[in-house]
Structures are given as structure tokens and as C-alpha cells.
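*Asks:* This is what each chain is made of:
Number of protein chains: 2
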Amino acid sequence: MPVNVRVFSLNCWGIHYLSKHCPQRYAMIGEMLSKEEHDVVLLQEVWSEKDYLSLKKKLASSHPHSHYFKSGVIGSGLAIFSKHRIHDTFVYRYSLNGYPYMAHHGDWFGGKAVGMAVLSIGSLTANVYVTHLHAEYCRDKDSYLPHRVVQAWELQQFIRHTSAGADVVILGGDLNMHPQDLGNRLLRTYTGLKDSYLETPKFEGCDEGLTLIGIRIDYILFKGSPKTDISCDFMCTTKGSVPDHPFPYSDHEALTAELRLKTHTPSDTGSEKVAELVDIVTEARTEVKVGLHCAEGMRYTAARTGVMGFALLILELAIAAVPWLALGAEQPFPRTSFYLLAALCFAILLTTSLLYIFYTMELKSLQGAEDQMRLAVGSLQEKLRGFPLAQQYNPQRRPPEGQEPSAFDPEE
Amino acid sequence: MPVNVRVFSLNCWGIHYLSKHCPQRYAMIGEMLSKEEHDVVLLQEVWSEKDYLSLKKKLASSHPHSHYFKSGVIGSGLAIFSKHRIHDTFVYRYSLNGYPYMAHHGDWFGGKAVGMAVLSIGSLTANVYVTHLHAEYCRDKDSYLPHRVVQAWELQQFIRHTSAGADVVILGGDLNMHPQDLGNRLLRTYTGLKDSYLETPKFEGCDEGLTLIGIRIDYILFKGSPKTDISCDFMCTTKGSVPDHPFPYSDHEALTAELRLKTHTPSDTGSEKVAELVDIVTEARTEVKVGLHCAEGMRYTAARTGVMGFALLILELAIAAVPWLALGAEQPFPRTSFYLLAALCFAILLTTSLLYIFYTMELKSLQGAEDQMRLAVGSLQEKLRGFPLAQQYNPQRRPPEGQEPSAFDPEE
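For the record, the sequence lines run as chains A and B.
Using the UniProt record's numbering, the first residue of the first sequence is number 1, and each one after it goes up by one.
Using the UniProt record's numbering, the first residue of the second sequence is number 1, and each one after it goes up by one.
Don't read these hints as lab results, they were simulated from the structure.
These numbers were taken from a predicted model, which means no experiment stands behind them.
Treat the hints loosely; a few may be bogus.
[Said to hold, decoys possible] Mimicking SDA-like on lysine to any residue, the simulated pairs with C-alpha atoms at most 20 Å apart in a straight line are:
| id | chain 1 | residue 1 | chain 2 | residue 2 |
| --- | --- | --- | --- | --- |
| 1 | B | Lys-383 | A | Ser-123 |
| 2 | A | Lys-383 | B | Leu-124 |
| 3 | B | Lys-239 | B | His-87 |
| 4 | A | Lys-50 | B | Leu-363 |
| 5 | B | Lys-35 | B | Lys-57 |
| 6 | A | Lys-239 | A | Glu-204 |
| 7 | B | Lys-56 | B | Tyr-101 |
| 8 | B | Lys-383 | A | Gly-165 |
[What the hints assert, rightly or not] Short, incomplete list of chain B residues facing chain A, as computed with Cβ under 10 Å:
| id | residue |
| --- | --- |
| 9 | Ile-15 |
| 10 | Leu-18 |
| 11 | His-84 |
| 12 | Asp-88 |
| 13 | Phe-90 |
| 14 | Ala-135 |
| 15 | Cys-138 |
| 16 | Met-361 |
Just so it is clear, CB atoms sit at the ideal spot from N, CA and C, and this is done for glycine as well.
Work out the full structure: start from the sequences and follow the hints.
*Replies:* Okay, structure coming up:
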């Protein structure tokens, strides 16, 4: 007998004093959720734990189980409410998440992460994930692209490696990526997650499923397992305004997907899928390399500026200590200028040291992701070669193995 | 037919210029590894990537597959070399790892982590983990205990959640915990990993399996799966000096375990195990709460000092700006003192702000772990109640469920 699961996802835009009508909107959200009684509610940008706690109180009877994922300075902003028992939770904080000095973008302080909760839905084990990736502030010149690609990479790694024991996998959240963006393709192709907007036979909501003015960046994705089939019967989004209320729930639209779980009927994943994956991972690797190059340049600039600050300090100390260096100037080194200059040198040294450390960490994370991707491509290519069954289906057969013996080196 | 797997683990003590005879010891290690040809080699404290690369070159024929796990400012120091194909790697960086200002302890800069590699050993999938937890500098007054307990918690979470698809799980590394330490019990009981030193029928090496002067803190742990049984046939450690060489390989002893994998024969895990786990997780939660309390105190101190620095700055500016505030002092505010005092105030403000941010992050991580532990205890207690099979084996039956209806509240 099939089991129906209603999943809800919303980026709550919960920045107190900055987001408009924050307390009123939380009240509306709480009211709606307790009425709608979704099975699983996935929220993002719940930046204040107080708001989570007040929602928890309000949803105590409709959603007795909940978890707030803590991470970073401010928090991850991620929360889950569930009708079903949560057995276990885990959180993975992305290794890259913008720059601390881009304070007006603020992502770094949020400690962006993916949260996971293991639920029992009837006799099935569901791994439910909620996440929020780094924002895209300028699509044409997106300096955060390598960071977001690494986040998408880590997200798919985390989901793939943690979901082997699950019957059902559900991911909801604000991916900050358009449907065909690299990170999105990487995530969906590698994990096999399906986009409920693309899968549903019946949709109600904004044109083209848009979730933020002009773009679709919020998703509910899902997949089954060898034991369980999953499909989407219906999906809807809010359409800006809310009947009988003066404002919308958030600056993003809310998503609801009605999923149906049932016993498995077998299917194939052929070599075409793997070949596509090799291409996407290779593209992602290129993007990460661009980021690496850029971070190396910035670290070099920080180091050079730091060395110049240090040289200036030494010079100043030398001039102050050895009077004849002042080359016959009549006045001694003015005290005020001396202290101001020294303070400036120290400030430069401190700032560049912190930046140097930060860029080093960024480089490590980028290199780490690049290493993992290289290894993954090698493994996928090997899988592709050893696809005897898939090759029978494939009309354009590759040349037999003996004819291309050393073209591929997994350790390159 | 059983498969034999030889696993090696060593903390390499690879701090150039600080560790004694570092290049010579790496040469010895490389020579020994290429001769011994272990299936899997797990190394810790390979702080320099150059050393990893030179080992990789030396082991190219004996161990064609390898990975270096990047993380943090310096790196995780973790590396794996394998005779078998590495299909996938993943790294989880612990959310807590000491304090940046304890620079002489240095752990914070290392970005301590757990690295994972998915190997194919024959037809079996092996998840191999390598890790290095925060050092214990003073056993009697160990201020890092909450951090290490959270690391052990995250380690068991990571292994449990990522190993559902594996036939075999192997963990090697420097846990910096004695065999009966809380974190060690937490790790072994929750994951079901067995200690090869305790399991082996045949051991050669230092008395009581010691791996660092007077203590046993390095381990090779393992477990099978519903499909695969695993046992340890033989284990050995080095005994300090190495024949024909002037120094030992490292300040730690090297561990070798010979594991045997074969098809599964079923066994039970009863309610005793779960009850023990509830006790251990509860104990860990207490330890984390102690850390929470301590971090709260330190954050409060940082905030108070920052406020005082700010007040001092305001006072100074006021005195300088409004001469009559100087209460009839004859001299004006001396310029040198003014700048020195202002610089001091700024330094205090900057330091306390950074510390405040750092302690906030620490608090979030501790709270996050505490939340996860509370949830886990709830889930385990529920499992314990619903153990109909186990209760039949258990001579001391618990009272029937009706008699203790509301004693347990999972959401407390």
C-alpha cells in the first residue's frame, strides 16, 4: 500500500530588523504550518533560535518532532519540523562559504551547512536533508561561483555517503542555483535526486515554478532506493501574496510537494548517465581550478602587502633609532607621525596575516575538492569502461578496450 | 574463501624543524612501507604535503592508490596509501578543535578531521577511515576534554552515517584517548567497531599494547556488516628502536593488524548494548554541558573586557576633547600617552571581538552536539523499550511498559 508524504520548504527571510515584517510573517508561517500539517517541514534562514523556539511551541501538537541545526557564528539558519519521529541528526558545514570581510553579504558568518535527519515514516527509513547554499549576488560576474560549486560537490558527497541505508531520500532548501546551473546538475546527476517541479504531473503556483523574483532557486528533490519507489503526485508554490494577510510569507515562495512511496519495481542506470556525470564533474573541476587560481593570486597579494608593511616598519624603526639615517633633516622624527605610522604598519601586518591565513584555508578546501573530483572522474571512467551490460544497450559502441590502453590515467 | 587485509597505522610526527630527524625518519618509513606492502596504510601528522608527495613517489609501485586529506590552515595531516583502488574520498572537519590563541598547542591550526576512502577489496566494498583527535596535554586538568568528546561524537556520527553501504569498516589513527576514556567508549559502543588489540589472539609489541610512552592512544578498529564477518588474526606494534637504524620511526609506535574477511554468520546485538550506549551518551552529554558552561563563562569575560576597553576609549576621547573634564590639571593630556592609550583600547576591542566571535562559534558547536546527543538518547531509550526479542534473552526483565508511562520524555 503506498504511503503519502507531504513535504514543505521555505526560505523564511528571518533577519530581524533587516527583513520586513519579520515577527508578523513568522506568526503567519506558524499559523499556516499548524493548519496544513505537512509531514516534513524544512525551513531556511531561521537565523534566530528564538524564532525556532516559538515555532516549536506553536507546532508542538501538529509537529511534535523538530531540530535546529547549529553551525558557525550566527548559525546555519536550518530547521526541520516533523510529524514522524526523528531518530538521528547530523550536520555538515561546508568548507567554503564566502569571505568574512564581505560583511555586507554576510554568508560567511552564517556557517552555511547541510542538516540531515533520519526519520521513520511507517516502516520506511527516510533521510531528510535541508540546506542553503551561498547566495548569488551578481550572475554575470559571480565571484562566489567556485565556492558554490564546492558546496554543491560537498552536498552531493554528503548525501551519497550518508544515504546508503535509507529507503527514501528527500532534500529541500534554497540552493541559490538555477535549474541548469553546474552545481545543480552535479548534485542531481551524481545523487540521482529528482526535481519535484519537473516530475510532478500537476502543478499550481508561479509560472515556470519561480520561487524568487524571476528565478527558480528553491527545490524539493527526492529519490527512492532498491527497496522503495517514489514519485511526486502534486506540487505547488505560493504566489506572492497570501489571502487575508497584508504580506507574503517571505521574499521566497514556499514549496509543497506531495510524494508517494511504494514498493520497488526495478530499473536501469546505463552508461549514458555515467558519461554525463564524467562531463559534469570535469566541468566542476575546471570551475574549482579557476577559484584556486584566483585564491592563489589573492594570497600572493596579501603576502606582498604584508612584506611591504613589515619593510616600512623596519625602515621607520631604523630612522627613529639611528639619527644619522635621517640624512641631515633638521627636526627629529615627529613623535605623532611616528606613532601613527607604526600603528598603520601594525594594522597592515595584522590584516594581511589574517587574510593570508584565510586564503590558505580557502586554498586547502579548493584543493581538497579538486583532489576528490579528480579521483571521482577516474573511478567513473573506469566504471564506464567496465559497463558490459550497458554497452549492449548502447547503439554507438566505444572501441574495444585494447585499442585505447593508456589514454586514461586516473592519478593524473 | 576468506580475504586477508593487512592494515598499517602510524602517527608520523612530521613537524619539520621541530620533530627530530624528520627527513631521515620519512626515508625509513617509506623504505619499510614499500618493503612490507600492507594493503592499507593510514598515516597521521604528515603535516607537509611535500612529504606526502615524496612518499607517494616512493610507494608508486607497492601502493598505486593514495589520497591526502586537505583541511584547515596547515592541513589535516592525514594520508592514505592503498594497494586497492580508491573509488571515492570524503573528509569531515571537526567543528571544535581547540583554540587559535593556544598557538603552542597548535591543534587549532591543523584543522583536525576524519578522512574516508571507499576501496574495493576483491568483491567487497571497504570504507576506510583515518583520523587524529585533539591532543591531551594534561590528563588531570584537561581543558580540551569537551572538544575531544565532541570530536569523538562527530567521528561516530560520520562513520555510522557513511558506512551503511560498506561491507567492511576500518578505522585507524591517533585518537588521543586511552582505551577506557569516554570518547573511546562512545565511539566503539555506538559504531560497534572492535579494537584489534583486544580482539587479536596473537600480539607482538610493547607491553599492554602501548603506542606512546606509557599510554595506548593509537588504534586500528574494524567491523563487518550483515554480509561480511571480520576478525583479527594477528597484531603487532613497533617497539621503539628499529633494527639497523639509529632512530625509531616516530615518537608513536606503528601498528599493524592482519584482518580476515569472510561471509557472514548471523549474531545478535541485545538490549544490554543499547542500555550501555544510553549511559555512555548521557555521560558524554554531561561532559559537553561542562564545556558549554565553561565557554559561556569565557565569552562573558571577553564581552566584559571588551565593554571596559570601549568605556576606556570613550573616557579618553572625552577627556581629550573637553578640556574642563581634566579637572583643573595643569598640563594638557600628553600626546604620547594619548596615542598609546588609544592603541591599547583598540587592541583590547579587536582581541575581545575576535574572542567573542570565536566563543560564539564554540558554543554553537557544543550546543549542536548536545542537541544531537539528547535526540539520540531519546531514540535509543525508545529502541530499548521496544526490544521484545532482546527482553526474552534478558534475565532481569524491565517492568512492563504500562508501569512507567511518562518517565521518559525524548524532547526534554
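*Asks:* Does the alpha-carbon distance linking Lys-383 of chain A and Leu-124 of chain B stay inside the 20 Å limit?
*Replies:* At roughly 16 Å apart (the allowed maximum being 20 Å), Leu-124 of chain B and Lys-383 of chain A satisfy the hint.
*Asks:* Does His-87 of chain B sit within 20 Å of Lys-239 of chain B, going by the straight-line distance between their CA atoms?
*Replies:* Status violated; Cα separation ~34 Å.
*Asks:* So, Ile-15 of chain B near chain A? Judge it on the closest CB pair being under 10 Å.
*Replies:* Not OK, violated: Ile-15 of chain B not within 10 Å of chain A, min 17 Å.
*Asks:* Verify the proposed pairing of Lys-56 of chain B with Tyr-101 of chain B, using a straight-line Cα cut of 20 Å.
*Replies:* Status violated; Cα separation ~34 Å.
*Asks:* Does the structure keep Lys-50 of chain A and Leu-363 of chain B at a Cα separation of 20 Å or less?
*Replies:* With Cα atoms ~16 Å apart, Lys-50 of chain A and Leu-363 of chain B stay inside 20 Å; holds.
*Asks:* Restraint: His-84 of chain B near chain A, CB-CB cut 10 Å. Satisfied or not?
*Replies:* violated (12 Å)
*Asks:* Would the stated hint for Met-361 of chain B survive a check requiring a Cβ distance to chain A of less than 10 Å?
*Replies:* holds (5 Å)
*Asks:* So if I understand the rule, the pair passes when the alpha-carbon distance is 20 Å or less; does Lys-383 of chain B with Ser-123 of chain A pass?
*Replies:* Roughly 14 Å between the alpha carbons, so the hint for Lys-383 of chain B and Ser-123 of chain A holds.
*Asks:* Check the hint pairing Lys-35 of chain B with Lys-57 of chain B against an upper bound of 20 Å on the C-alpha distance.
*Replies:* Satisfied, since the Cα-Cα distance of roughly 14 Å is no more than 20 Å.
*Asks:* When you check the alpha-carbon spacing of Lys-383 of chain B and Gly-165 of chain A, does it fall within 20 Å?
*Replies:* holds (18 Å)
*Asks:* Against chain A, with CB atoms and a cut of 10 Å, does the hint on Leu-18 of chain B hold up?
*Replies:* Constraint on Leu-18 of chain B not satisfied, violated at 19 Å.
*Asks:* Starting from Lys-239 of chain A, check that the Cα of Glu-204 of chain A is at most 20 Å away, please.
*Replies:* holds (9 Å)
Hints 3, 7, 9, 10, 11, 14, 15 from the list above are not met by this structure, while the remaining hints are.
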